[in-house]
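Just so you know, the sequences run in chain order A and B.
Everything in the first sequence is counted per the working numbering, starting at 13 for the first residue and increasing by one.
Everything in the second sequence is counted per the working numbering, starting at 13 for the first residue and increasing by one.
Bear in mind the hints are in silico, worked out from the structure with no lab data behind them.
Mixed in with the good hints there might be a few duds.
With a cut-off of at most 25 Å between alpha-carbon atoms, the simulated DSS-like pairs for lysine-lysine come out as follows [to be verified]:
#1 Lys-146/B <-> Lys-36/B
#2 Lys-412/B <-> Lys-378/A
#3 Lys-41/B <-> Lys-140/B
#4 Lys-36/A <-> Lys-168/A
#5 Lys-412/A <-> Lys-412/B
#6 Lys-104/A <-> Lys-349/B
#7 Lys-349/A <-> Lys-104/B
#8 Lys-270/B <-> Lys-378/A
#9 Lys-349/B <-> Lys-101/A
#10 Lys-101/B <-> Lys-349/A
#11 Lys-355/A <-> Lys-412/B
#12 Lys-63/A <-> Lys-393/B
#13 Lys-36/A <-> Lys-393/B
#14 Lys-104/B <-> Lys-146/B
#15 Lys-393/B <-> Lys-349/A
#16 Lys-349/B <-> Lys-63/A
#17 Lys-227/A <-> Lys-259/A
#18 Lys-41/B <-> Lys-168/B
#19 Lys-104/A <-> Lys-180/A
#20 Lys-412/A <-> Lys-355/B
#21 Lys-378/B <-> Lys-24/B
#22 Lys-393/A <-> Lys-63/B
#23 Lys-270/B <-> Lys-227/B
#24 Lys-281/A <-> Lys-230/A
#25 Lys-378/B <-> Lys-412/A
#26 Lys-393/A <-> Lys-230/A
Chain B is nowhere near these chain A residues, computed Cβ spacing over 12 Å in every case [what the hints assert, rightly or not]:
#27 Glu-97
#28 Lys-168
#29 Asn-258
So, partial list: chain A residues that the calculated Cβ filter (under 8 Å) puts toward chain B [unchecked claim]:
#30 Val-64
#31 Asp-239
#32 Gly-326
#33 Cys-336
#34 Ala-337
#35 Tyr-340
#36 Thr-369
#37 Ser-373
#38 Leu-406
#39 Thr-407
#40 Val-411
Yeah, the Cβ is synthetic: ideal placement off N, Cα and C, and Gly gets one too.
There are 2 protein chains.
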Amino acid sequence: MKEISGGVCAPKGFLAGGIRCGIKPTSQKKDLALVYSNNFCSAAAMFTANKVKAASVQVSMANIADGNLQAVIVNSGNANACTGEEGLKAAKQMAKYAADALLIDPELVAVASTGVIGVPLPIDIIGKNINALKANLRNDGNADALEAIMTTDTRKKEIAVEIEIDGKIVHIGAMTKGSGMIHPDMAAAKHATMLAFITTDAAVIPSVLNECLQKAVKKSFNRLTVDGDTSTNDMVLLMANGQAGNKPLVKESDVFYKALEFVCVSLTKMMARDGEGATKLVTVTVNGALDEEAAEKLSKSVASSSLVKAACFGADANWGRVLCAMGYSGADFNPEKTNVSFKSSAGEVQVCRDGMTVPFSEDQAKRVLSQEEIEIFISLKEGNGCASVWGCDLTYDYVKINGDYRS
Amino acid sequence: MKEISGGVCAPKGFLAGGIRCGIKPTSQKKDLALVYSNNFCSAAAMFTANKVKAASVQVSMANIADGNLQAVIVNSGNANACTGEEGLKAAKQMAKYAADALLIDPELVAVASTGVIGVPLPIDIIGKNINALKANLRNDGNADALEAIMTTDTRKKEIAVEIEIDGKIVHIGAMTKGSGMIHPDMAAAKHATMLAFITTDAAVIPSVLNECLQKAVKKSFNRLTVDGDTSTNDMVLLMANGQAGNKPLVKESDVFYKALEFVCVSLTKMMARDGEGATKLVTVTVNGALDEEAAEKLSKSVASSSLVKAACFGADANWGRVLCAMGYSGADFNPEKTNVSFKSSAGEVQVCRDGMTVPFSEDQAKRVLSQEEIEIFISLKEGNGCASVWGCDLTYDYVKINGDYRS
Numbered sequence: 013m014k015e016i017s018g019g020v021c022a023p024k025g026f027l028a029g030g031i032r033c034g035i036k037p038t039s040q041k042k043d044l045a046l047v048y049s050n051n052f053c054s055a056a057a058m059f060t061a062n063k064v065k066a067a068s069v070q071v072s073m074a075n076i077a078d079g080n081l082q083a084v085i086v087n088s089g090n091a092n093a094c095t096g097e098e099g100l101k102a103a104k105q106m107a108k109y110a111a112d113a114l115l116i117d118p119e120l121v122a123v124a125s126t127g128v129i130g131v132p133l134p135i136d137i138i139g140k141n142i143n144a145l146k147a148n149l150r151n152d153g154n155a156d157a158l159e160a161i162m163t164t165d166t167r168k169k170e171i172a173v174e175i176e177i178d179g180k181i182v183h184i185g186a187m188t189k190g191s192g193m194i195h196p197d198m199a200a201a202k203h204a205t206m207l208a209f210i211t212t213d214a215a216v217i218p219s220v221l222n223e224c225l226q227k228a229v230k231k232s233f234n235r236l237t238v239d240g241d242t243s244t245n246d247m248v249l250l251m252a253n254g255q256a257g258n259k260p261l262v263k264e265s266d267v268f269y270k271a272l273e274f275v276c277v278s279l280t281k282m283m284a285r286d287g288e289g290a291t292k293l294v295t296v297t298v299n300g301a302l303d304e305e306a307a308e309k310l311s312k313s314v315a316s317s318s319l320v321k322a323a324c325f326g327a328d329a330n331w332g333r334v335l336c337a338m339g340y341s342g343a344d345f346n347p348e349k350t351n352v353s354f355k356s357s358a359g360e361v362q363v364c365r366d367g368m369t370v371p372f373s374e375d376q377a378k379r380v381l382s383q384e385e386i387e388i389f390i391s392l393k394e395g396n397g398c399a400s401v402w403g404c405d406l407t408y409d410y411v412k413i414n415g416d417y418r419s
Numbered sequence: 013m014k015e016i017s018g019g020v021c022a023p024k025g026f027l028a029g030g031i032r033c034g035i036k037p038t039s040q041k042k043d044l045a046l047v048y049s050n051n052f053c054s055a056a057a058m059f060t061a062n063k064v065k066a067a068s069v070q071v072s073m074a075n076i077a078d079g080n081l082q083a084v085i086v087n088s089g090n091a092n093a094c095t096g097e098e099g100l101k102a103a104k105q106m107a108k109y110a111a112d113a114l115l116i117d118p119e120l121v122a123v124a125s126t127g128v129i130g131v132p133l134p135i136d137i138i139g140k141n142i143n144a145l146k147a148n149l150r151n152d153g154n155a156d157a158l159e160a161i162m163t164t165d166t167r168k169k170e171i172a173v174e175i176e177i178d179g180k181i182v183h184i185g186a187m188t189k190g191s192g193m194i195h196p197d198m199a200a201a202k203h204a205t206m207l208a209f210i211t212t213d214a215a216v217i218p219s220v221l222n223e224c225l226q227k228a229v230k231k232s233f234n235r236l237t238v239d240g241d242t243s244t245n246d247m248v249l250l251m252a253n254g255q256a257g258n259k260p261l262v263k264e265s266d267v268f269y270k271a272l273e274f275v276c277v278s279l280t281k282m283m284a285r286d287g288e289g290a291t292k293l294v295t296v297t298v299n300g301a302l303d304e305e306a307a308e309k310l311s312k313s314v315a316s317s318s319l320v321k322a323a324c325f326g327a328d329a330n331w332g333r334v335l336c337a338m339g340y341s342g343a344d345f346n347p348e349k350t351n352v353s354f355k356s357s358a359g360e361v362q363v364c365r366d367g368m369t370v371p372f373s374e375d376q377a378k379r380v381l382s383q384e385e386i387e388i389f390i391s392l393k394e395g396n397g398c399a400s401v402w403g404c405d406l407t408y409d410y411v412k413i414n415g416d417y418r419s
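Make the full structure from the sequences, and use the hints.
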């Protein structure tokens, strides 16, 4: 497997584009994106488990039910959530605009939205600009599309890889947006306002695609937290158009799955690093838990703790907060068998052994925790369960960004 | 029922004191408190449900098992949590120092600690100062004791009320500390580093005292959130010495329970208002939910949301975040039957009807949300479940306070 450039356009047959149509009224930024395969695709998706589901989520859930898609249209600047019947009509109309322009069936179009909740979507603007959007489609349009899906994101988050299946070169490409309201919880074929769009030219039947996506999301996006808020609009979409010419995968391929997991984990880490206001990527790893579920619960509780996140911001080796967050996670573990270390490119410092303090250099701990990527490494000696969860620090800028998001 | 002064010393026979003994090495603040009844008390308590329990919690759980206490000794500046066998020995020794000075059995002494986790408690300092602490006991020592239990608290939180039972005047007094690491979760006879100490001269048998306390905590401290972090040291303690001379309560008295609930809710609101960095008390009320449990889950999810809390700080009427937080609460409700209003002394503004936006004045909403006490009022039209949860806004100062707590 090797990393390549091109994002969602890296796989053969995928075109992408992005334009500004004015959904973000006070901004000159792009706000409407389209990703399109020039042939029919197998598709799989997961959507937010939030009971309040955006209109785009409802429409996309229906359109992907048969396992096929050919395009996805995405707007930023408006979540089209809590907008009632009108919102649902608008989301359906958005699919229809794209379908009509692309000369395909509206049921082959997924719809995604991100932005403010509760404001009616100006669907007419999208209608007026759909042909311009179509005209913008290019086989190197990944950068335009990526720009158009961003909200409070400060970094571009895309990746692509190349693998070999059956002697055929296969590509997987992907882009994502997501910075705040990030604590994805995507259930069996549902859940994330993170949006992630993954394309591949592999030939894979829908059921296998779905199986691979669910497994990969469980180990990636569902182990991401910025602020504990699970959005109404989260969506991960995977489209496979088969143009690589491999023998269609009718059961899970290890090579394909591993590449997909790598892509999902890479995007997850990019999102954590770009969490609203974040200065640091914080990885929390638990090893030796009773089982994987316990490891995930423990690491997610630590990564979600406001106190731990604030301590990471301050580069303060306040490990008691780590044990405290483990203690209220709901997972079973023995505090008296808990070891905690802080790691980064500046080295490693153990701060807790068997649930108690060990002498350590505060200066060294400060150095370790002052890096841009830090890891809280917990080992438990109770079983084989291990998991990593990705988050970020809690900073003044998170408060600033969210104290007045709408203006 | 009327409010009176005196805090924990308002009920007859209770003495309190507080001194500085040097547990907070770099501070001149008081750090050691004692509350004592000059006779034997019925007692009830609830402790943190965190799996990591401070040594003080373990010792107090054991000492209260028989339903009787006569004193509680409290230190601030050190949580004595994650300190192993030595920590447990220190907590037992702390009870013994107090017991020896007061000439009572160590098992009649509860122990509470609050402060940094993972640092050995300097128990010798407490031994050297125990006689000074005893000498400081007075029947108006509530203010000294209260000062000595504070950590990041900026406001003194105490209350007392007078009621009549059987024609006898009965008093309930209380003090609390708690500002950060506040998301109490106290289970049947367990849970909260909030500390709350309640005294009464009512005569109540231990089982009834316990029943009343559990019921009151469920509707007060367990509906409080500052930052979602459930501490290792939380404790609510209630001691009843019977000196009011009422006929001992052998079943729940409505008058007594109502007064106790009032005291607990009052302390809860004081803690929310004094949450770390808070500029506002935020009450989230849900009415018309399927049942009380659903109402509590929904309101707690909204009050805990970092995005809602940041919007409260910015006085931004971003009601979409309210619906979003309800949606991931895990409680059942119909988003399309949800109404949301913001209320304060500056008036009321409805922002959402039947799950959708309603036209409202942004200026008026800003005025309403700019007050020091605001309410997010949600009504659901689904049943009779209602609950209020108390929290605060998320501010720059929360990040500042917790970015480097230990120094």
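What hints, given by number in increasing order, does this structure fail? 8, 13, 15, 19, 21, 27 and 37
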